[in-house]
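A.B. asks: Whole structure, please, built from the sequences with the hints as guidance.
The numbers in the sequence shown follow our numbering, run straight up by one, and end at 193.
Honestly, the hints are just simulated from the structure, not real lab data.
If you're wondering where the values come from, they're calculated on a predicted model, not measured in any experiment.
Be aware that one or more of the hints could be misleading.
Said to hold, decoys possible - Straight-line distance between alpha carbons at most 16 Å, and here's what the computed EDC-like set of lysine to aspartate or glutamate pairs gives: (1) Lys168 to Glu41; (2) Lys51 to Glu135; (3) Lys87 to Glu56.
Claimed, not checked - Distance ranges between label pairs, derived from CB positions: (4) Glu144 to Thr171: 18 to 24 Å; (5) Gln66 to Gly172: 17 to 23 Å; (6) Gly141 to Leu114: 17 to 23 Å.
Built from N, CA and C at the ideal position, the CB exists for glycine as well.
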Amino acid sequence: MHNEIERKFLVRGEFKHLAYEVTHIEQGYFQTAPGRTVRIRIRGEKAYLTIKGPSVTGLSRYEFETEIPMDDAHQLMSLCMPGQVVKDRYLIQNGKHTIEVDEFFGDNEGLVMAEIELESEDEEYVRPDFLYKEVTGDYHYYNKYMINHPYKEWKDEV
Numbered sequence: 036m037h038n039e040i041e042r043k044f045l046v047r048g049e050f051k052h053l054a055y056e057v058t059h060i061e062q063g064y065f066q067t068a069p070g071r072t073v074r075i076r077i078r079g080e081k082a083y084l085t086i087k088g089p090s091v092t093g094l095s096r097y098e099f100e101t102e103i104p105m106d107d108a109h110q111l112m113s114l115c116m117p118g119q120v121v122k123d124r125y126l127i128q129n130g131k132h133t134i135e136v137d138e139f140f141g142d143n144e145g146l147v148m149a150e151i152e153l154e155s156e157d158e159e160y161v162r163p164d165f166l167y168k169e170v171t172g173d174y175h176y177y178n179k180y181m182i183n184h185p186y187k188e189w190k191d192e193v
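C.D. replies: Quick look at the structure:
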């Protein structure tokens, strides 16, 4: 069993020059019901099937992920619910942590969000200047929410 513990932030300011890697990501969803998510992700030259459970505290939830063949990913993507999340992910080393900054495209264009994965909910981390407002636990910023409710529809409300 693997629990994912992460904090999410909106990003403001420059960050791209800090990245040691950039990868294009496309993901589609089979299931986005409360408490469970099943998705296909194509990340660069690799593909993954991911199942996520309910958020326990807003910071922690069960996650299962396994690599799958690219041909299968393309076939499965065609079976997903309508809509995709498309983004570029920038990896930035920050002390002992890696910050993943996602720049979204398509209907979610204009949204730039960062995640820091932690080993425990109370683990300390360095917060660089480009991390703006924390949005951990805010459903608006879940990729599964943005499939049916893209950022362009609600960006002025939050």
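A.B. asks: Now look at each hint and say whether the structure bears it out.
C.D. replies: Hint check:
1. Lys168 to Glu41: Answer holds: Lys168 to Glu41 is near 15 Å, not above 16 Å.
2. Lys51 to Glu135: holds, 11 Å
3. Lys87 to Glu56: It is violated: about 25 Å lies between the C-alpha atoms, which goes past 16 Å.
4. Glu144 to Thr171: 18 to 24 Å: Hint holds: Cβ distance 23 Å, inside 18 to 24 Å.
5. Gln66 to Gly172: 17 to 23 Å: holds, 20 Å
6. Gly141 to Leu114: 17 to 23 Å: holds, 20 Å
The structure does not agree with numbered hint 3 stated previously, though it agrees with all others.
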